[in-house]
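Peer 1: Two chains, two frames, a set of hints: combine them into the complex.
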Amino acid sequence: MTNRSTKLILIALLTLAMTSLFGCKSLRDRLSGNDNNSDNTSMASSSTYSDNSSSALSSNSSSTASTPSSTDIYGTPANAGSNTGATGTGNMTNNTNNNMNTPATTGSTSLNTTNGSMSSTTSSTTDINTAATTDTTVNTSMASSSDTTTTTTKHRRMRKE
Amino acid sequence: MGGQARVPVLHRRTMKRLIALLLFAAATSAFALDSSSLHLLNQAWPDVKSMRVSEIGRGVGVVFSPDLSVPGNCRFYQSLGFACFQDASWEDVLEQIHTHNVLFPEHRIATLVLETHGTNGNGLKLQESYDPAARRSYISVGALQERLEPEGIYFVIISACNSGRLLRPDIYNALDPNNGDKLFLPATAGIVNASEGFDAVHSPVLIITPSSSHIETTLVGNVKELSAAARRAVAASAKAQWIAPPTEFAISDMMVQMLTRDAHLQLAANKYVDQLSRVIQPQDTSERNFARFVTYVNAVAARQSAPAPATKTAHKKSKRAPAKTSPKSPAG
Numbered sequence: 000m001t002n003r004s005t006k007l008i009l010i011a012l013l014t015l016a017m018t019s020l021f022g023c024k025s026l027r028d029r030l031s032g033n034d035n036n037s038d039n040t041s042m043a044s045s046s047t048y049s050d051n052s053s054s055a056l057s058s059n060s061s062s063t064a065s066t067p068s069s070t071d072i073y074g075t076p077a078n079a080g081s082n083t084g085a086t087g088t089g090n091m092t093n094n095t096n097n098n099m100n101t102p103a104t105t106g107s108t109s110l111n112t113t114n115g116s117m118s119s120t121t122s123s124t125t126d127i128n129t130a131a132t133t134d135t136t137v138n139t140s141m142a143s144s145s146d147t148t149t150t151t152t153k154h155r156r157m158r159k160e
Numbered sequence: 000m001g002g003q004a005r006v007p008v009l010h011r012r013t014m015k016r017l018i019a020l021l022l023f024a025a026a027t028s029a030f031a032l033d034s035s036s037l038h039l040l041n042q043a044w045p046d047v048k049s050m051r052v053s054e055i056g057r058g059v060g061v062v063f064s065p066d067l068s069v070p071g072n073c074r075f076y077q078s079l080g081f082a083c084f085q086d087a088s089w090e091d092v093l094e095q096i097h098t099h100n101v102l103f104p105e106h107r108i109a110t111l112v113l114e115t116h117g118t119n120g121n122g123l124k125l126q127e128s129y130d131p132a133a134r135r136s137y138i139s140v141g142a143l144q145e146r147l148e149p150e151g152i153y154f155v156i157i158s159a160c161n162s163g164r165l166l167r168p169d170i171y172n173a174l175d176p177n178n179g180d181k182l183f184l185p186a187t188a189g190i191v192n193a194s195e196g197f198d199a200v201h202s203p204v205l206i207i208t209p210s211s212s213h214i215e216t217t218l219v220g221n222v223k224e225l226s227a228a229a230r231r232a233v234a235a236s237a238k239a240q241w242i243a244p245p246t247e248f249a250i251s252d253m254m255v256q257m258l259t260r261d262a263h264l265q266l267a268a269n270k271y272v273d274q275l276s277r278v279i280q281p282q283d284t285s286e287r288n289f290a291r292f293v294t295y296v297n298a299v300a301a302r303q304s305a306p307a308p309a310t311k312t313a314h315k316k317s318k319r320a321p322a323k324t325s326p327k328s329p330a331g
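So the protein sequences, as listed, match chains A and B. Take 0 as the starting number for the first sequence in numbering that gives the first Met the number 0 and just add one per residue. Take 0 as the starting number for the second sequence in numbering that gives the first Met the number 0 and just add one per residue.
Check the hints yourself; a few may be wrong.
[To be verified] Stretches of chain B that chain A covers, calculated by requiring three or more beta carbons in the stretch to come under 8 Å of a beta carbon on chain A:
| id | stretch |
| --- | --- |
| 1 | 81-91 |
| 2 | 152-164 |
| 3 | 208-216 |
[Unchecked claim] So the derived list for chain A, only partly shown, Cβ under 8 Å to chain B, looks like this:
| id | residue |
| --- | --- |
| 4 | Arg3 |
| 5 | Leu7 |
| 6 | Ile8 |
| 7 | Leu13 |
| 8 | Ala16 |
| 9 | Lys153 |
| 10 | Arg158 |
| 11 | Glu160 |
Note that these hints are calculated values from the structure, not bench results. As the structure is a prediction and not an experimental result, all values here were calculated from the model. Even for Gly, the Cβ is constructed at its ideal location relative to N, Cα and C.
Chain B with its partners taken away, still in its complex shape (with noise of 0.2 Å):
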């Protein structure tokens, strides 16, 4: 009688830990899709709560093509902490990230961000407009990864229309120039391919791009749109730099998306796409990142301008209770 009231005991035993392997392996699998985008895109610019609007984009670098910027756009980026570059000539912008980085070593950066035309996949191109005579560039991935490792920056996010494509092998170290792309305009002011002897295997810098290709979109906002604290404060951080307050910015769908965390990012790194997307995400979506954007620069700019409230706490409970308390430094 003992050993048969032993056998559905020990079943039992065995079914709760199969049910219990089950859901960890439910939990587990729901969640493993976007830890992996999470996890690249922390380890590109880790997921430090900013407490300062002049922080939030500290170590980072952002390259525009500027006919995607509006005036002043760079001083906004500046005023985040950002390092900002603009310039239709990639060797320009080259060299600008070098200048950075030796004149500013406190503010280094480690992280590339390029918000930049992506030519249908065919070569990532910075311009001043569509005029076939307007300054023009072009760049490959395998040159970025060669230039940009010297100057100690080991990650570059692609913010372009069908990113993934650039990665393709055949055009990887050098670009097409007779791809027959009408988005391929003119490179007047060149094009930057890897050298030949460049073997993109063995090299440090990570390339990261949107997992699916598709077109990427930035829109046009206005400083008076946030907060008055986040006006306030990016005035403050202009002024401490000696440039002048910002009027209007340009801001991306991705951007919004990595600085808020948006769970429905999905980024591939060093991963090429073949197909080309026509797909682009409705006008309401990138309201809605940019409103997103807005509400996150003045929660920050709020974090900033409050009072230090674990001052006046533990003054508070020192009267109180003298014996309990413990001196805190005030955050920020």
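Pulled out of the complex, with its shape left as it was, chain A reads as follows (with noise of 0.2 Å):
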């Protein structure tokens, strides 16, 4: 009995120590929500995204982490001409990204452009340049049983590219 249980947890310290060796990065990483993976199965999984930074809805918010999928490899950002911020290949949350480093004499006019796959998202933003903008996300999802409505206030952000 004592072999067989000591072998028990001989096997079990094994797993541990692989799951250490090489699940446990990963894993941290999903359960702190900044896992890349976890963040495209989350929007595959549901239509719904929220452009909110609301705590309530953080685990919403990890879908924007995406390739914007109309940019091509050496695409000309959103931000680099004067015409192109309309086209919404900034971010997939339409927030102020579409026009982030752009000056304000050369900044596009229109943001409110950017459709998800499936969600119908609408989104005003008060002002591109100013340092701290107010998103108002209202989400119509097909696959959310309510509609959320949440004001947060979000900082300007600009992409380094």
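Peer 2: If you want it as structure tokens, here you go:
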């Protein structure tokens, strides 16, 4: 009996060792919500995403960690020019990123563009060049049972492309 | 009988040792990944618990691309103790770094953080804007090593998009101006390459990048978002340096992660990546980082503004039990 239980403990420990060797990082990332894979999964499994940074909706927020599909590998960023801001190539969150590096003089006037694949998302951005902007997102989702309306303060974000 | 009894005892001991070894291996391997990045960061930027807001960035310089900055941004970083450089010309920035280390030997910088563009990993770019005619320059990683070594800067931390690609052997010393990348706009202020004979292998300057390529981001914040104590400390530091108090600042995710020693930060030294990545962290992650930065600065300011408790405690104790007290100098 002692031998058997010791062997069982050994096997369990070995499993633990192997998990910590190869799986710990991804597990930790998943738990903390910083995992890109889980981000993609959440986007694929749920047709809704929210633009808000409210902590209550943090589980949905990771859906923005995605590759903008309409930008090619050498593509000019959405802000590189005066008239590309409305194409929605910047970020799927449809927030201020579309025009984040563009000075006020060259900024695009329309930002209410990008639409997710299944969800119907409408964002209204007050001022693209202010330090803090307010995004009001009304999310009418096919997957979710209730609509969510939240207003949060977000900071202007710039991409170091 | 005695011999038979000894066998299980020995067996148990061996098993116990094995279990202990396995437990040790499990614990070690769990932390091995993070410790390498942390060790690297601690080498470049020692984890000293700052007691004053004006000492947060001591020994560290930051280079900002003008279009990734905001008015008064450098004044904010200077208030935190950083040396800050912001220009669209790499030649001018290198000259400013040289001047800084010559003129302020007590505030010499040994580590440089680059808050610049990565141009899809085709060159470190400084620019005024995306206007093709705007002032703009590029530098290769080899050139950075060659030019920064004489200044005594031995650590360069690149916080730019796809920074791992900048270390590719074919563009390490000399950038390819005809790479076909639309982001590689005209170099109106020149391209800085390493000299032909430069051998990066023997350079003591360590180039540190995020271990995985992705799009780095920066948030714009307002000093008003800091606590009253932090604002006072920032203003006092600015006043001491004869600079106007800042109102706005730009802070990158990577800078916050370094300052707060975030366990998620994965760094690599002198390691190149081929693949171009378009992965970008969600805005909420940046917002969380921003909040952590505010908390961090507020905490340092709170330490700074807190009255020295050691003196009071020693005084009280000395009244009650004079024999047991040992005089302590106040912290900070």
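Peer 1: Hints first: check each against the structure and report whether it holds.
Peer 2: Now the hints, each set against the structure:
1. 81-91: violated (count 0)
2. 152-164: Three-residue rule met by the stretch 152-164 of chain B, so holds; n is 3.
3. 208-216: holds (count 3)
4. Arg3: Hint violated; Arg3 (chain A) Cβ to chain B Cβ min 12 Å, cut 8 Å.
5. Leu7: At about 11 Å, which exceeds the 8 Å cut-off, the nearest Cβ of chain B leaves the hint on Leu7 (chain A) violated.
6. Ile8: holds (6 Å)
7. Leu13: holds (7 Å)
8. Ala16: Status holds, d = 4 Å.
9. Lys153: For Lys153 (chain A), the interface hint holds, since the closest Cβ of chain B sits about 6 Å away, which is under 8 Å.
10. Arg158: For Arg158 (chain A), the interface hint holds, since the closest Cβ of chain B sits about 6 Å away, which is under 8 Å.
11. Glu160: holds (5 Å)
The earlier numbered hints that this structure contradicts are 1, 4, 5.
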